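Peer 1: Starting from the known structure of chain F, fit chain E onto it as the hints suggest.
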Amino acid sequence: MRNLVPVLTILAALLALWYAAAVALNAQWAQDQATRAGTTLTLPALVADTWSQDKPKLPAPHQVALEIWNTTGAMVLEGRGFSKRSLFYHSWITFSATALGFVLGTALGIALAIGIVYNRTIDMSVMPWVIASQTIPILAIAPMIIVVLNAVGISGLLPKAMISMYLSFFPVVVGMVKGLRSPAPMQLDQMRTWSASAAQTFWRLRLPSSMPYLFTSLKVGMAASLVGAIVGELPTGAVAGLGARLLAGSYYGQTIQIWSALIMAATLAAVLVGLIGLVQRITLKRMGMA
Amino acid sequence: MGFRDLKYEGPFRHLVNTEFLIFLMVTLAGAGILAPKAIPILLVWFAVWWINSRIAALPKSGLTKFLVPMLFGVTVLIIWELTVTSFGISPVLLPAPTAIAATFAKSTHILWQDFVQTALKGALTGYIMGCGAAFLTAIAIDRFPFLQRGLLPVGNFVAALPIIGMAPILVMWFGFDWQSKAAVVVVMVFFPMLVNTVQGLTDTDAMQRDLMRTYAAGYWQTLFKLRLPAAMPFLFNGLKIATTLALIGAIVAEFFGSPIKGMGFRISTSVGQLALDLVWAEIVVAAIAGSGFYGAVALVEKAVTFWHPSQRSRA
Numbered sequence: 253m254r255n256l257v258p259v260l261t262i263l264a265a266l267l268a269l270w271y272a273a274a275v276a277l278n279a280q281w282a283q284d285q286a287t288r289a290g291t292t293l294t295l296p297a298l299v300a301d302t303w304s305q306d307k308p309k310l311p312a313p314h315q316v317a318l319e320i321w322n323t324t325g326a327m328v329l330e331g332r333g334f335s336k337r338s339l340f341y342h343s344w345i346t347f348s349a350t351a352l353g354f355v356l357g358t359a360l361g362i363a364l365a366i367g368i369v370y371n372r373t374i375d376m377s378v379m380p381w382v383i384a385s386q387t388i389p390i391l392a393i394a395p396m397i398i399v400v401l402n403a404v405g406i407s408g409l410l411p412k413a414m415i416s417m418y419l420s421f422f423p424v425v426v427g428m429v430k431g432l433r434s435p436a437p438m439q440l441d442q443m444r445t446w447s448a449s450a451a452q453t454f455w456r457l458r459l460p461s462s463m464p465y466l467f468t469s470l471k472v473g474m475a476a477s478l479v480g481a482i483v484g485e486l487p488t489g490a491v492a493g494l495g496a497r498l499l500a501g502s503y504y505g506q507t508i509q510i511w512s513a514l515i516m517a518a519t520l521a522a523v524l525v526g527l528i529g530l531v532q533r534i535t536l537k538r539m540g541m542a
Numbered sequence: 004m005g006f007r008d009l010k011y012e013g014p015f016r017h018l019v020n021t022e023f024l025i026f027l028m029v030t031l032a033g034a035g036i037l038a039p040k041a042i043p044i045l046l047v048w049f050a051v052w053w054i055n056s057r058i059a060a061l062p063k064s065g066l067t068k069f070l071v072p073m074l075f076g077v078t079v080l081i082i083w084e085l086t087v088t089s090f091g092i093s094p095v096l097l098p099a100p101t102a103i104a105a106t107f108a109k110s111t112h113i114l115w116q117d118f119v120q121t122a123l124k125g126a127l128t129g130y131i132m133g134c135g136a137a138f139l140t141a142i143a144i145d146r147f148p149f150l151q152r153g154l155l156p157v158g159n160f161v162a163a164l165p166i167i168g169m170a171p172i173l174v175m176w177f178g179f180d181w182q183s184k185a186a187v188v189v190v191m192v193f194f195p196m197l198v199n200t201v202q203g204l205t206d207t208d209a210m211q212r213d214l215m216r217t218y219a220a221g222y223w224q225t226l227f228k229l230r231l232p233a234a235m236p237f238l239f240n241g242l243k244i245a246t247t248l249a250l251i252g253a254i255v256a257e258f259f260g261s262p263i264k265g266m267g268f269r270i271s272t273s274v275g276q277l278a279l280d281l282v283w284a285e286i287v288v289a290a291i292a293g294s295g296f297y298g299a300v301a302l303v304e305k306a307v308t309f310w311h312p313s314q315r316s317r318a
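Protein chains in written order, with our numbering: chain F, 253 to 542; chain E, 4 to 318.
Just so you know, these hints were derived from the structure itself, not from any lab.
Careful: at least some of the hints might be erroneous.
Example chain F residues on the side facing chain E (calculated, C-beta under 10 Å, incomplete) [to be verified]:
id, residue
1, V378
2, P389
3, V399
If you're wondering where the values come from, they're calculated on a predicted model, not measured in any experiment.
Note that CB positions come from ideal geometry on N, CA and C, so glycine has one too.
One chain only, chain F, in its complex shape (with noise of 0.2 Å):
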């Protein structure tokens, strides 16, 4: 709480400053069109109308605020919460996606790590890989998944699901070994003193001291596969999904329509991410980690 009154301030500069920029660059237009009408501008109405046009090369933040609300509770009111034109509705679609995908990512990478914790022949082979994967930029692949996976006959939701779980994948793995290799020789040396089967060793000692490591890596694959989820709507031409919000607002100069779901896409980042803050907190207390 110590921190509330520096990040309002924060904020509210950061607000701001949208504003000015706003009147910035929004500025020429309104005076084109001035001057086209013959009239010139005084500074309250040129601000006035820098903060009020349709296409706005930079919406002030109430547009955007104003649009959200229009295509998600003015929606709900009307009984069509669930509509095609609702933000919810895409971004349902691409929640679906990111949540399939990540659960398939860390299921995988879980997987894998403890085969590389226990088996040293994979941890020789595979680790130097996953730790290359992470500098490569993997996700300039997303529009090959799509089409290929169209062409097979696969798709829908599965493709982009694929894409979140590719990206979700390596943090986990390398969260996950780093986890189950923390506890220190003297720990695992007391599990033999009890003589601990491996099986007992990995419930009780391993995979509950990775629990830290595990929630942190998790966080960062949540963010990675919601960008997966995003730009895996890219190259489908626009259906549906926030990523297909923000390709149509594009081709069509709806700024305020791309702006709306760019906020609706951190909303869902934010809610995702402080989800599993929320779990992470329970569990390490629970525990007795934090």
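Peer 2: Frame of chain F; chain E shown alone:
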């Protein structure tokens, strides 16, 4: 008869592990019934896996650490090639590695042109500007603890957002050429770099700062002689994260509009033309550029932060 009695007692028994042998037999039998063409592929796989497990069992050295992953990588390529040729997979779905290599060799001038457009003009310019701006911002707000406390949570929050979504807006503002890609990269790398630099600048303890005060060092002297060097591991962490982000940003921004060159442009249009061999060649370029970029930063890091425990333990 229990499982333990099923021990292999034949020749070379000290070289083979029983579970491995049983697994091999079962898999081969299964493949023989379902897809006989898969048998050579499985044989190659098991043979290399066996060799690798033998090498991995040797004491760790520089050679084994290099040999095992290399062997594994080459095997994956061989299996890929064998799968594509023996099952007759259409090059529209998955081109063979040899086909990709041939395309790579044939279209080097296109690939080079795309590399210059995306990696050098877009990603590198944006990387330098974004990291530079973040660094200067961090130094500027360093004197105001109030701003730091506000900016760290906001910066951490923004770093988790799908910033790549800004791409269509920035393409609208800065046009189709590399300037808009550089802008996307600036926005993407700014916050991770800022957060790391701000955190790094706080990474000195009171004793060290007191020592500087007893030397009557001013703010700038303390900054240059103590706090910036101490911040270097954090700075390089940010710089390394930013290398990958920069390439991703520059490539994905091209999906939203670009001149008729660039890696992202080539990938999206070649996918449309089903020229997947060119797409894969472009991905190889991206992989080389990404790991090269990261490796270069890591090398500089090694030279600059030679004193840090994480660098010393590796030596």
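Peer 1: Let me know if the C-beta of V378 of chain F comes in closer than 10 Å to any C-beta of chain E, holds or violated.
Peer 2: holds (7 Å)
Peer 1: V399 of chain F was flagged as interface toward chain E. Is the shortest Cβ-Cβ separation under 10 Å?
Peer 2: holds (5 Å)
Peer 1: Under 10 Å is the threshold here; is the Cβ of P389 of chain F close enough to any Cβ of chain E for the hint to stand?
Peer 2: OK, holds: P389 of chain F within 10 Å of chain E, min 4 Å.
The structure fails none of the hints (numbered hints given earlier).
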